[in-house]
Amino acid sequence: MRELELYFGPQHLGMVGNFSITLKVEGDRILEATANPGYLHRGFEKLMELRTWIQNFPLVCRINVVEPDHMEMVYAMAVEKLANIEVPERAHYVRSVYLELARVGSHLFGLWAYANMLGFDTVANWAMYHHDLVLDLFEELTGGRVYHIYIWPGGVRRDFPEGFKDKIVNTLHSIGGCVPDYDATFFNNPLFYERTKDVGKIARDEAKRLGAVGQVLRATGMKFDIRKVEPYAAYNNVDWDVPTREDGDVYSRLWVIRDEMIESVHMIFKLLDKMPSGDVYNRVPNPFKWNIPKGEAYVRTESSRGELGLYMVSNGEDKPYRVHFRTPSYTHGLIILEKLLKNASIADVGNIMISLYVVAPEIDR
Amino acid sequence: MTKKSKINKGSFLDPFKAIRFLWKKPKTLRYPFEPKEPALRCRGFHLNDWDKCTGCGNCADICPNEAITMVEIPELKSKPEEGIKNERPKLDYGRCCFCGLCIDICPPGSLRLSRDYFHIHFKTDTFSFIPKDEKSDKENFLPAEKYSVLKASLTHRKKDYEGFASDLKYSLFEPEQVPMPHVKPEERKLSFIEQVIGYNKEEAKKEASRCLECKLCEEACPAHLKISDYILAIYEDKPQESLKKIFEDNPIPSICGRICMKHCEEACSLSIRGEAVAVRWLKRYVADTIKDYKTTLELEPARPSGKKVAVIGAGPGGLSVAYFLRLKGHEVTVFDSLPGGGGMVRIGPPLYRLPIEAIDKDVNHIASMGVEFKFNTTVGKDILFENIMKDYNAVYLGIGTTLSRSTKVKNAEKCLLALNFLQENKIGKEEKVGKEIIVIGGGNVAMDVAREALRLQHMQYPDQEVITKTVSLEDWDIMPAKKDEIEEAKEEGIQFNPAWGPKEVVLDEKGNVKGLLCMKVKSVFDEQGKFAPSFHEDKEMFLGGDMIIEAIGQATDFSFIPKELFEKFEFTERRKVKVDGNGQTSISKVFAGGDIVNLNLDAVTAIADAKIAAEGIDKHLSS
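Protein chains in written order, with the working numbering: chain G, 1 to 365; chain Z, 1001 to 1623.
Only chain Z is shown next, with the shape it has when bound in the complex:
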């Protein structure tokens, strides 16, 4: 060495300093006798809670390595209406990089990573498996006391060994809806102003951007609208495209965008831990943004077929079937006893939910396609059903349920019926209401009646104390009205009396309504799940009120059909008109759909029926 070190070479005793290390413990772990305990956030093999997993497939979509495939599990049941598919993720650990993006996108939070990080097995195919939850998987998971490294190496993993888990704060999806601007409760209860203001462009785009495109909603929707496609079009700022997609399955978006029962949102995978994508409001945004459907859609009826179809009832089902048949070139005439289109949605939903202009927009578009509407025409009175049967090649019954049921308790004839009340207010003259109103019923119609009554009270008795209360057989947990409907009613100050049944309408000396005597409900359904309410006869309550409205359900009016023809109709056990897969009834010329056929009793199911019936009628006419 030629270079001279500048550094002090030190004492020859220096090496002896190392002796102190003799008393230190070794730093290495003696595996496998001392296995390393992984950290709490360790990203090991997957765990999947099958009860929570909806099979939405978002994990498979986000996986950068395509390590996840969705596998159908035959022993699991698909429940489209709840947004559950019988598919579960299968992991290929030859591809997985343990990044955990699947965990952060998982909407129900069922997929987690365990703290197990090694896997040794004689069989190579065990490297690709369908993860289950440690609690349900008895075969592969061992309790801590039975755990050993040897067992663990043969796919036996330790129980309660959860590692990297989903956290809503750091999720890749946005769990909260863009808030829909509402008119404030204090303001809206004073008038029939439309309560929901509607999204503007920015809000709609932002809300549309939340959709994960898992399409669970499309399976839940009775009419199977292409929801993720039309939401994507909104996100891309192409409302025209979006409208075209909607019209493939639903010709009344302006109506449905306001009053749809949104089965889609119940199935939305985001609704499990957050709020569903506001599918209904997005549809409404499209319908409201586009002023003229016809120029946007660029659809014309097909070549005239020369066949004539009569549609009885201009409700959502009737309108839809008329539109779809008109597109196929048939001549369609719609009969309705009301002065305008919409049927039940014209009279039912109060103006603050569905203004008449919104209905007419959809109806006018269908009329502009060449569908003939005969309003103010009651079949059976203004025109005979027999004549319709004679003059037309096919008949569609979309007559719905137009008769209100009564509780038939003592003095019930002094009460008002829900539909009459709603119809009078919406398209007739304003009803004179009492200061203290009792609404019997806990369904959506009851909510509409109560909220409408409250508005009328405030308008007719300004600055006076007024009360509207509801009585329902059902307790809070089984109340059939939609949750948000109940919440909004509460906000407006409507009082609820759940689990009370009406016993008697009490009258004063002059014969005017004084109040309602109620009994406590024991149970609403019997053991078979049938509607059979039972009461505690001794527990009574008196509700004071000067006006009682019954909103406990509706029935169909078949009186326009001649007796000998009516007898030919077949009915199901639940007293619904029996139809086949084409929407055809037991009378070959007559097709039916909507509330007289299905049990859902809502607009979108009527549209779904109409779609089937339109195909069926077309097939029937061309054969």
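Isolated chain G, as found in the complex:
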């Protein structure tokens, strides 16, 4: 059969984000896949070297459009570590609640993309609606729907508004009430099973070797979560579990995402119950005169896509000397995707890609 070269993206209906894959196909079978990043390169890491510590705070969130919150968190953590800033106890809880909300929101958004790709339009619309409800919560808390610009060095930018606790609980209950609907129409749907079972399968050892993190790794049965391994914020103060699956295929990954959402919602309820009162912000020094002592820091958080790390060097000046992000989509999108697409059918490209949760802006920093 004749070998063909097929361009998948960046302008392709099945492609999410500014990203492209070049496929070498023979009939319906993919012989080789090459990921082409760079369509969204904005030079964030370089830009950050030119801005002061506080000016970077509204910038970092823009690295990941879908889930900006963990970017804020990892930046705040790195600055706090370098400058030795204490964070009030309540701020830790507020941060955790906020980050878990972000995880729920991000997973719902991912579910929308995935269901849409598979043709489950109803489920996609539900997910989008519920994602919007989470955005409403963010808007109420931070004033922004997409870029919240909320976690900053020293704590968070504003405390919960009045009655916000109840609002979170109500919203999460109304989303949680639809879980049976989601299960009946999507997760337990034989069509979903048929399309995903044993597709894009990766073994645990291989996943580890290729640097998989997050759901991709947990779907192979590995209980690895930075929130457990290296607890930050208030994750150590409540009881929760890391959901895993064994098979390492698309089906397992989607189920991990579903379970994780539910676990996050339970965690938020527990965090809200235990939340102490007090301040949420320890004032950082005057931004025009803020020099951070010489040093370097590596911090990591568990974003909704997996381990998100930040390496930052300060030269004792008012700006970072070097910033480097270790983003989960980088390994997932450039290495594991290429590997999993080999021998897959063309119809499964989107299927595998979205199940890996690749977000293009994370790759092009």
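Hints are computed from structural coordinates only; laboratory data are not their basis.
Backbone N, C-alpha and C define an ideal beta-carbon position, used for all residues, glycine too.
Relax, there's no trap hidden among the hints.
Coverage of chain G stretches by chain Z, computed from C-beta distances (three or more under 8 Å per stretch; other residues unrestricted):
1. 137–145
2. 153–164
3. 285–292
With a straight-line cut-off of 30 Å between C-alpha atoms, the simulated BS3-like cross-links for lysine-lysine are:
4. Lys294/G with Lys1169/Z
5. Lys1205/Z with Lys81/G
6. Lys46/G with Lys1090/Z
7. Lys81/G with Lys1201/Z
8. Lys1169/Z with Lys289/G
9. Lys289/G with Lys1291/Z
10. Lys1090/Z with Lys1158/Z
11. Lys1215/Z with Lys289/G
12. Lys1244/Z with Lys319/G
13. Lys319/G with Lys1090/Z
14. Lys289/G with Lys1226/Z
15. Lys1238/Z with Lys319/G
16. Lys1036/Z with Lys167/G
17. Lys289/G with Lys1201/Z
18. Lys1201/Z with Lys319/G
For chain G, the structure is supplied; the task is to place chain Z on it using the hints.
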């Protein structure tokens, strides 16, 4: 499909479950008939209250995208002494990312974000505009009942639509000063110990770190010291650099660091919602930290010019003009009737505010530069003014106001005069005071007199009940003394009787002071704003006291100038010596500055005058 599904395929009736959704309401909003109401903290377009905005430009400095530029608004007035510039931020929404850092840095809290988040217009330049407050901007803001999405899309926004606003708790600047350690009131009223202890290195650095570098203070300072530069040097732990910056405009930092009237702190943008940066104490920190100015400054007088300048009066103005002229290479001689330098600051501010050593540090440095001081020399008595005019190429009059005014009420001659009282105590012998003292006046001198008198009372009558009270024409709201001065006086137990005017000093049979009869004040100023007190003649009050000190103001003593020369002097309407832009009086050789020229009557304004006069004299001598 080869794979076998393990999942139960379910009943064929399952799809009918969807019927229940028929009775649910749609989730989507039908825009524009149902516009979405934004959250209360929504970060939309900017609002700026022009009345509160000071034009400090901190928003423009912090903006990560350089979306804000400060634009001069000609119809607004700059008021440097209040710290207000006629500049307002202009927003470029092609750059703005709505992060709101400008809101959190805004010191007056005038800049806020509205809850308007969309903007459609035929003209592209409307995307960049100078935000105003919704209350003052009638053109762009509509009341809720007139609001529609169509109108809103043409830059008409809804009134009272305030979103993300500033909150002091989360501000990016520190609103509170590092507390200055003071000697406690109970302790300090027993002696003349210096009340303010002074910042240590850590405290000074922390206080210096609060400065936002907006430089409103530099415009407010009469002498335009480079305040933000020398504060930055303190923050960077380079007090030497800081001292060099200070000396460019002010050669007496040790004095000014203690008694300056701090116009800068009134203009400080942080003072609007918090406390101003303690500029004066930071200057004092630098002056106190550096033991020897001369080795730090590394400044030497220029090549000798061969010209001689006489400076009459070794007050702040005289000292400054002598220093600046000496640097230019002129030979300077300073005449003063007091035994040391400092002039009014030597006798006026009590020892607990300005110790003699602090004054001498500055004076000795100026003397070490080669300025000749002739103390205990009264011009007109020990040396004639005519001779000075003959022997010197230029003369600077920095004579200040050395005569205390009297109320001239009945028996006023039995009262003491403020300056005599202060001078005697500070550089003469300690005065015997009464147990119940009345101080007439509500200005800073009156506060000094009252607080000094209280200390003397406590020292002379230990463990006895003593009272010091003040009487002033002005009520609390217009009392001319500085607020903190009044507060400290209150802390020490001084009683105030505001809005009472003296009518008569009451004497007992032996002719000793028994008390003061007062009248209630109707108003202090007339309609033109001139000082013309009027009284309720029928409302009287008697204040008992065995000693009365008058501290109601001072006048200048021109008696040393010969009559025919004095007649040549021109005066302004407010009875001040008229000088031109070079500090030159109507007599070409004579320059003047300080309290006899300006209305501020303080040390830093005298330094400002001296700076101008020094340039003027130099120009005069080299022409």
